Amino acid sequence: MRSYDLHDLIEWDKRIRDKVAAFGLDCFPQEFELCDHNQMLGYMAYSGMPSHYPHWSYGKAYEKLKTLYDHGVAGLPYEMVINSNPALAYLMRDNTLALQILTIAHVYAHNDFFKNNFTFQSTHPEYVIGTMKSHGQRVRSYIESPSIGIDEVERVLDAAHALALQCRRNLAVRKLSEEEQRQRKLEAANPREDPFARVHKRQPISTPDLHKVPLEPEEDLLLFIRDHNPYLEEWQRDLLTIVHEEAQYFIPQIETKIMNEGWATFWHKRILESLELPQDLHLEFLVRHNQVVRPIPGGLNPYHIGWKIWEDLYRRYEHPEPDEEESLESGVRSGLEKIFSVRAADRDASFLRRHLTEKLVRELRLFEYRVRGGDWVVTEVADDEGWRQIKETLIRSVGMNSVPVIKVEDADFGHQRTLLLVHEHDGRDLHLEYAEKTLAYVHQLWGRDVALQTIVNGKKVLLQYGERGFTTRQLTR
Amino acid sequence: MPIPESIFRPFNPSDAERSDRAAGDRQRHREKVRQSIRENIADIIAEEAIIGKDGSRIIKVPIRGIKEYRFVYGENTPGVGQGEGELEPGQVLRSGEGEGEGPAERPGDRPGVDYYETDVTLDELVEIMFEDLELPDLERRKLRELPALRILKRKGYRSAGLRVRLDKRRTVKSKVRRRLASQRRTELGTGERFPFHEDDLTYRHMVPDVKEESNAVVLCMMDTSGSMDTMKKYLARSFFFLLFQFVRAKYRNVELVFIAHHTEAREVSEEEFFHKGESGGTFISSAYQKALEIIQERYHPSLWNIYAFHCSDGDNFESDNPTALKLAEELCQVANLFGYGEIKPLGSRYYENSMLQLFRRIEADNFHTVLIERKEDVWPSFKAFLARDRVRE
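In order, the protein sequence lines correspond to chains A and B.
For reference, each letter of the first sequence is one residue, going 1 to 477 in my numbering.
For reference, each letter of the second sequence is one residue, going 1001 to 1393 in my numbering.
These are calculated hints, taken from the structure and not from any lab test.
Fair warning: this is a prediction, and the values are worked out from it, not measured in the lab.
Fair warning: there could be bad hints in the mix.
Computed list of lysine to any residue pairs in SDA-like fashion (alpha-carbon distance at most 20 Å, straight line) [what the hints assert, rightly or not]:
(1) Lys-66/A with Arg-1034/B
(2) Lys-1153/B with Lys-1168/B
(3) Lys-14/A with Pro-1004/B
(4) Lys-437/A with Glu-1005/B
(5) Lys-19/A with Arg-1034/B
(6) Lys-19/A with Glu-1005/B
(7) Lys-1067/B with Lys-19/A
(8) Lys-1067/B with Ser-402/A
(9) Lys-64/A with Glu-1005/B
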């Protein structure tokens, strides 16, 4: 193993950057920070943010990471990069030179992805560090305020964290304002233009109910509660805003995990192969690369799956097999052109739907399993009938698809100011213990009774949480 | 297109030292864990992982994490994994409770159980146990102690005393005070001699300090006859563990004696005590006889606090009962606390004999019987057992 210092890294970085530019990757300016393993654990617990608001759950995350690390169950990631402009990446100082080179190349590909993928367009990477810092200062000021204190702040944050991911998923679609929703409702109420109005009976005009709150089912739970519970204090509203904004910032990363890691792996391999590394570094690079893309038996390694799909996509447009010709998009001239357009326009769900082929499902040996009476049972394997089902299940479990869709239907349910939430059931039931506890948080924030309509074992039920605690009621309809 | 020059920030060791940023949040999390341990102490005591580690004083305790609840999908949610080799539909990947790491557990996907270690030491745990017992501090320290050393310790000041204990500093201070009080303003600083007065003299006061030597012995007796199965032994072990921890916290010097018996009793090592199965019938009296012998030889009641506890499934030979009763009464006389725990995993008590009936005849107030039917009973019955100790003090 060869020793190296900062100048070596800077030299290598320069060579890597030339390659990055030659390949056509388009990056934010990049900053690297060398850190030791304790700092790395610290960054990991706070999703890489240099400053962040305090909450015990991050302490828990730290302990958990540390336990895994101390026992050698999980190593630390070689690198961590956050979506900001300039992009910020941490390199572990104990890593070998080969690993640092691999990592730096990997980081540039992530950087390119953050800058160009459409889901990240709403994240304001130039402000994120400042925003997080300001969030931290605000939360600390509430903790230090003698009239609030840490217990109260934690109570609100605990509840807000529970609901943070109950928000809009596709942030590229603009959210309609209340006025726009009203207009839309009015327009929908008008009967359609009838070219034979003279001979037809006049269509009755149904008056839309414009008093209903919300007008259209609302997905942003925290924001809805913030805006519609008049009894919340200003600082409580602020905490809800902070948690909501942070969730919104992280959603693109949740939504593109497989693509993003696959993309970075695809490029670090390509870049390192083009660097003409000395033999010792090259051998270590091969070992490390194989560690990164090693499939986890029984689990899913996003690096492996993502990388395989990107490689396959590239190959299909460079050297298509005869039976693949017709499935190719016309007008695309090269593999590079194709993958660059895909990295900009897809998210995990659409990426898998479009580019995970039957061949890949077989090659990756994907299978579907279910839990039956405590046993994990294989239900589908990658054969002629099974692969579609496996692909479908995979798509439904990636990114935000693994979070149940729950919308606010009515803020005045039964004219009792009860908050009615409706779970859009898609065949997967909610975990009832978790639903009960989470509903308690909704109740805490809403300040009045709350109800959640869902389907359990094929029956429509209403889960309610009020002053007297949790109750369930079966709905007949 | 060219990429702007990247910035490299070198590692800064002093930054690294200062940057334990998670410290506050970890502390807060620890408080929560502690609170949750206190709330679920009975469950945790029943966890096998803790029992049996009595040797090492500082251990890491695996704890169930404080859950962060969200809306998540439940059990009827299929998942996808990557296989090794050929898999068949219907093949069971992993059986047993759906707890722990599943084949494809991904964060944010399904709840799972958070297991991780935290630095709760055994001592801290024992401390929490006592908080749960609600023993006030004072009572916790109240020991049946034996005076061992007589030394003197300082305790305040007196105006009379032995010359050697004169406190010069205080004496002078008191003279200065008196002078200032007696002089008028104008006379200050005239340099006239101002003698000591008898009232100025201050002596250090000493009182004899009794250093207590506290010794305790825990006599663990267990039935190792064929009818004691693993579950019963495990319950017994849990109880002995608690007793040992409790006694250890109260006394400076604690010894453990293990007596295994079936039809005859033997003193054994801890290892043998829990792991060696024997067969045959049961004479409970043999254990009590042995215990009394050991007390006679090594742990005289005037020098030792004796805690004796006997675990059995109550399946004694009928003919032995009168002797057992008599010896139990004798043991009560020498022991601080003598307990009998009958271990009957749920359901078995209807068709097996019980000693509880018989022992009801013992009137000594330091005798206590408990019935343990399942893991959850261990903690409450232990509390009840100790309540007896408290009453006596």
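Holds or violated: Lys-437/A to Glu-1005/B, with C-alpha atoms at most 20 Å apart: 50 Å, violated
Lys-64/A paired with Glu-1005/B [C-alpha distance capped at 20 Å]: 37 Å, violated
20 Å Cα cutoff - pair Lys-1153/B, Lys-1168/B: 19 Å, holds
Hint consistency between Lys-19/A and Glu-1005/B [alpha-carbon to alpha-carbon, up to 20 Å]: This hinted pair holds, its Cα atoms lying about 14 Å apart.
Proposed proximity, Ser-402/A with Lys-1067/B (alpha carbon, max 20 Å): Roughly 18 Å between the alpha carbons, so the hint for Lys-1067/B and Ser-402/A holds.
Restraint status (C-alpha distance of Lys-14/A to Pro-1004/B at most 20 Å): Distance ~10 Å between Lys-14/A and Pro-1004/B Cα, so the pair holds.
Restraint status (C-alpha distance of Lys-1067/B to Lys-19/A at most 20 Å): Cα-Cα ~46 Å, so violated.
20 Å Cα cutoff - pair Lys-19/A, Arg-1034/B: 53 Å, violated
Lys-66/A paired with Arg-1034/B [C-alpha distance capped at 20 Å]: Since the Cα atoms of Lys-66/A and Arg-1034/B sit roughly 19 Å apart, the hinted pair holds (cutoff 20 Å).
Figure legend: structure checked against the earlier numbered hints; hints not met, in rising order: 4, 5, 7, 9.
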